[in-house]
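Enquirer: Construct the entire structure; sequences and hints are all you get.
Number of protein chains: 2
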Amino acid sequence: MKNILFTFFLFVSGISVGQDSTTTKNPVTNISEFNSAVEKAGPGDVITLANGVWKDAELIFKGNGTKDQPITLNVESKGKVTLAGKSSLKLAGEFLIVDGLYFKNGYTPSNSVIEYRLDDENIANNSTVQNCVIENFTQPSRDTKDHWVELWGRNNALKNNYIAGKSNTGPTVRVFLKGNENINTHHQITHNYFGERPRKGGPHGETMQIGSSETSMTPAYVNVSENLFYRCNGEVEIISSKSNFNSFKNNVFFESEGSLVLRHGNYATIDGNIFIGNDNSEFIGGIRVINTGHWITNNYFYKLKGTEFRAPLAVMNGIPKSPLNRYNQVTDVVVAYNSFIDNKSPWHFSVGSNVDKSEVLPASEIRSARPERILVANNLIYSESEQKLPVVAYDTVDGVKFKNNILNSPNESEVQDKGMITQDFEIKQLSEYLYAPAENLNDVYDGFDFETIEKDLFGNDRTEDNSIGAVTLPVSNNAKLVNKKLYGPDWFNPEIEKKKAEVVQVSTSEELIKALQNAKSGGIIELKSGTYKLENSIVIDKRISLRSKNKAKLQFSESNSTPAFQMNPGGSLKIENIDLSGNKNRDAFGTLNENMSSAYNLWVDNSEIKDFKNLLEVSQRSFADTISITNSSVKDLQAGINLAEETDDKGEYNAEFVYITNSEFENIQNEVLDYHRGGYDESTIGGNLVFTGNTIKNSGTSEATEILLKTRGIVNVEMANNNFIDNPVKFIAILWGAKGQEPVNNTIENSGEIKVEENLKQKLMY
Amino acid sequence: MKNILFTFFLFVSGISVGQDSTTTKNPVTNISEFNSAVEKAGPGDVITLANGVWKDAELIFKGNGTKDQPITLNVESKGKVTLAGKSSLKLAGEFLIVDGLYFKNGYTPSNSVIEYRLDDENIANNSTVQNCVIENFTQPSRDTKDHWVELWGRNNALKNNYIAGKSNTGPTVRVFLKGNENINTHHQITHNYFGERPRKGGPHGETMQIGSSETSMTPAYVNVSENLFYRCNGEVEIISSKSNFNSFKNNVFFESEGSLVLRHGNYATIDGNIFIGNDNSEFIGGIRVINTGHWITNNYFYKLKGTEFRAPLAVMNGIPKSPLNRYNQVTDVVVAYNSFIDNKSPWHFSVGSNVDKSEVLPASEIRSARPERILVANNLIYSESEQKLPVVAYDTVDGVKFKNNILNSPNESEVQDKGMITQDFEIKQLSEYLYAPAENLNDVYDGFDFETIEKDLFGNDRTEDNSIGAVTLPVSNNAKLVNKKLYGPDWFNPEIEKKKAEVVQVSTSEELIKALQNAKSGGIIELKSGTYKLENSIVIDKRISLRSKNKAKLQFSESNSTPAFQMNPGGSLKIENIDLSGNKNRDAFGTLNENMSSAYNLWVDNSEIKDFKNLLEVSQRSFADTISITNSSVKDLQAGINLAEETDDKGEYNAEFVYITNSEFENIQNEVLDYHRGGYDESTIGGNLVFTGNTIKNSGTSEATEILLKTRGIVNVEMANNNFIDNPVKFIAILWGAKGQEPVNNTIENSGEIKVEENLKQKLMY
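Heads up: the sequence lines are chains A and B, in that order. For our numbering, add 17 to where a residue sits in the first sequence, where the first one is 1. For our numbering, add 17 to where a residue sits in the second sequence, where the first one is 1.
Treat each hint with caution, since some may be false.
Claimed, not checked - Think about it this way: if two alpha-carbon atoms lie no more than 20 Å apart in a straight line, the pair counts; the simulated EDC-like pairs of lysine to aspartate or glutamate are: (1) A:K418 <-> B:D653; (2) B:K79 <-> B:D62; (3) A:K420 <-> B:E75; (4) B:K195 <-> A:D466; (5) B:K121 <-> B:D558; (6) B:K627 <-> B:D653; (7) B:K338 <-> A:E699.
What the hints assert, rightly or not - Which stretches of chain B does chain A cover? Using the computed rule of at least three CB atoms under 8 Å from a CB of chain A, they are: (8) 58-72; (9) 193-202; (10) 302-312.
In short, the hints are calculated from the structure, not lab data. We put the beta carbon where it would ideally sit given N, CA and C, even for glycine.
Expert: Structural data, given as structure tokens:
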């Protein structure tokens, strides 16, 4: 897990580059001109927004074009027209085109930024939103729900857009299927660039949701093709397909911590998609399968380390006679001609089997219905280093037929089947991430309807020369798996410019304050040795690093009770080699009390922190991606780290990763850590705590709950190699056995015990 | 209810009439010749069964024809080849035709009589079964499950067949959708004559079931068109549609006690069907709606007296987040251009609402989700006599949009909406059952996608001159709603010949025994006055009436302990004006101990019955359609009527109708009646007890349960105008309040009380 630590610094910050050549006569310059133009618009008309910032613009684009003569809404110069503040766009009518809008520096005042509907009676059909950007247009509070794009109606398109930076609750793109006007949609969601969606720290952080359990019986026919999902880390589902007959083709899922999930609905086609992981993250998944009749073909899974819900291929157990909003049994699914290259363990069956939880869960939550009538055929599993577990099974695998799957490692998994064949074959790297056998492996199984799998991952014909796996040879020389330029608007480049960090040296409090104000995001402030007395909070609303070669001392005065460092949305602070001291009445670190619209980060390394109230005190709805305290000394505080303000039992929590390593805590009167996640929820699989190599002394003396380290509901907890000395508590910690938590090699003297409870009674959210 | 009493005498008894002209060379004469012919058969070949009775013939018809050159299995002369005993047919392969087979005098030794599949690997596609008859081919025991036709595969047809008389458990026709080979079926079930399916007395008596809850997510595309359902009374569902995209068009449901039920699955098309009821039965229903997206158009509902589950149009409440096998909410349903003529109350909304049952049912059984986004438009409601309740609502009706529906009576229902318009219009009878306004009512509502409703009930164009209701004028002169000749094989006539009943007079025991043996079904035996001493049981395996003008006396001797009258399958006995006496050790009436393959009937009128053990003692799995004791005197018995042998709690019961009227019961030591139905089940809505005008004296003296009349689980109970005198029991009866049961005008002297319990705690079957 440690390797993830610093990746957060790779922010995406949009920079508009392409200067656009759109020119039209008489652009409209304000809302009333816009409205009047819309009022008059007929087939073939073009309405152009004048350059500039359109603040608080709630655009309603309603009209009826024709197929040959649509009505177009565009901008004077792409990139020079932004919609800011409380802005939104609603479309209603027929044959409308929206081109080149740029939403930034604001958020929607309604449910949606772009909505293909004005109200139930006014829906858009046959309309397109293209070449638009929605960037960081996130609500002030992460629990305010919205969608950035709501598709309604039929035959609409969302294409070549760039959409990134949603931190608040609600899927980024949501397709609605409620009402006969909104089914059989044939919507086309293509060529979009879905940029980073930060970890949300709770459910409802999907990048796309198509339907809902209530409308999961509808024929949706949504086509999601040739999109890039780039680090879409919001939650465990990148795409949540909740309707029937959707297709997902040729999309690239790049280092996205989640899966394409067939959550509700049936008969999805998942063909030719590319899932790219890396060596670091265990959270990057592939495809998770629930329900009936899906065809999963020609997909390419590379270096995915996820398991269980996040496995490259996760086929779940269902709940017998499942309630509408839970887990139907998986039946009649075909998994054919996929390539699994260098994954940790490609196939997980009966994921979510929880028969052993019947003590803490009602019968209607017990997933005991195993997959049935599943065909897994003609797949390729290759691992550079031997990988002996092609199958991980959480229940008996008796409903899966394996046919002609080729592996290069011996199969030592529990599931032994002659349809999994270990075989020596040569593999070649054809381009970045792309591996294929040096020669076609022709012995393919001919299953029912397999003649419909006519093409491979690259669209090559399979009917002539066929091969096991996603790729048939020959592959064209310029075959690339990932080419970011193919996605999003051509006028917009989401790549960050990598600048060398600027280092400013300071030696007085005044210089420090000034340097902090002037620093650009990414700036480093180096403090000369000495004592810096400070009164007001230091506001961290950008990426800042404070360091010192000689242990500078920051002393925070008594005259102010705000935190020494106040973390603001998007702020990242790294403190190295600096000693902080307070006055007992203020917290060392804190957040805003509200409007923590996006995540913050905090790293403390090799520093001393003492005489504060709390080490970290956060507000409800605030969210840290990473909190790290390492090689440091923390002492004489009232309490340690409080990340327990999400008390609604809705699966939310206050930090994704918490690392406390190789540090000493002494004389912390109450708990050293309170890290909490309430509610039974599976949409997120956090938080994550690493608590290793620390020494805790004389702490917990006033803690009423008699628990020193509280981690209730946190899924991943590592607790190893710590020394607990003279802490008068009953429990050092209570770990969650069912999640594999166990204390390792801790030394306990005159302190409480580390208890492991197998199952946790949680409040059901469903 | 009384009017139903004697309709059961209208048996269907098949008589083959048409002499067929099929001639082929070399018909096969036995199974081994058949098998060898099948083995050799290729495209274009015809295999012909030789005339005669093929006993215990398990035919496997496997082969691959082509579209232009199918392989045909036919018979030498239609009607002269019967499959009898333990016989069946299985088809496997492509382009097969089965023509003219006649199954009678037997039952299948497997799951099915005709199955479009040999096993999972050998399925029939593109194959047709036509002009066949399956008549009374019912299992010996009604709890042995089978289907008479099982459709598997794709593109199969079942057409012009006559199928009737199934008394055992299991739908008559069942379409299977398990496995990808069996979806998107496009099966055609057309022009069949589904003759009588007798009341089953428990669930699983559907005439057709398409899919199951487990496969209810599949696209089935089964087309059920232009069939006749003639008195299909098996249970509350005539057709149970449990899959998606099925269509039901131009079928006639004639006096069938049940409904076309959209039980699971979505997006059914129900267009142009005709539902004919009568003045007598309250069990004849129309369409019951569950789930999403159905279009119900151009249907004609005539004289239906059913309510709730059996209403002409029953739109149910759903269970929120329903389990897969229970009740989804109804949403997005369109009900347009239907005619409701002379129905009791046409539209029932929120049927099954049971919020008040939360005490006795688990939350997962509570139907509280009201219909949503329902459009009811352009329908015609006409009643000759004023009918002020077009809508019966079991919950708030807030999800239904009413538009341009025309009524001829004032609307005094709770639901008031300007989309229900009372209007004077002239109506004309165009042919039997067929009524339409004298002039088109042109003011139609134009709903979403209504342009797709291009035709009316008769296929007349709606795009030019349109009208409210199922019919647009003009209607052709020969328009008939019901013409039985259009259905089933042309060589077979299921109509009974109505013969005048033969009356035989007897004056001695010997003559009586002989007359009973010789009598044809329907025969009447008239006993002269006197005493007839009898030893053996009188076996009733046909329709027999025993009557006397002067109170003949039948005395059954001590030397035999079998029942005086032993009811056999299909037996019907009517006793009039005769006194029966026994010896205390035998029952007056009884059934076989097993193999009661079909229902029996018993009527006793104006007779005296005394000195028997029980009045009626039945076996498990036996089933009476009607038991009637009227104007009679019953005394000095150990117990009365026992209809309580179905103890499995699966919703089965031993008699559909029990009438005990204007009779005297005296000195019945134990219970006078034990009539039982166990298990929570909604597929059947029986049994039915009318207990009126009786006097019960000095009975129940030895009854351990202290209940005189036991009716546990029986749905319809009428208990009125009785006198209970000196019966030392605690309860005369315990009635079920939730089903509307209440005692009326009973006189109770020195007897127990009649208790009403609102809700009955029952064993859940699901």
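Enquirer: Taking the hints in turn, state whether each one holds.
Expert: A quick look at each hint next to the structure:
Of the pairs offered as hints, the one joining A:K418 and B:D653 is violated, with about 68 Å between alpha carbons and a cut-off of 20 Å exceeded. A hinted pair counts as satisfied when its Cα atoms are at most 20 Å apart, and B:K79 with B:D62 qualifies at roughly 12 Å. Restraint check: the Cα-Cα separation between A:K420 and B:E75 comes to about 34 Å, which exceeds 20 Å; the hinted pair is violated. Straight-line distance between C-alpha atoms of B:K195 and A:D466 comes to about 15 Å, which keeps the hinted pair within the 20 Å bound.
The straight-line distance between the Cα atoms of B:K121 and B:D558 is roughly 18 Å, inside the 20 Å bound, and the hint therefore holds. Pair hint B:K627 plus B:D653 holds up; C-alpha atoms about 6 Å apart against a cutoff of 20 Å. Using a Cα cut-off of 20 Å, the hinted pair B:K338 and A:E699 holds, with the two alpha carbons roughly 18 Å apart. Restraint check on the stretch 58-72 of chain B versus chain A: 0 residues with Cβ-Cβ distances below 8 Å, three needed, restraint violated.
Judged by the Cβ-Cβ criterion of 8 Å, the stretch 193-202 of chain B is covered by chain A as claimed, because 5 of its residues qualify and three suffice. Residues of the stretch 302-312 of chain B with a Cβ under 8 Å from some Cβ of chain A number 3, which satisfies the need for three, so the listed coverage holds.
Hints 1, 3, 8 from the list above are not met by this structure, while the remaining hints are.
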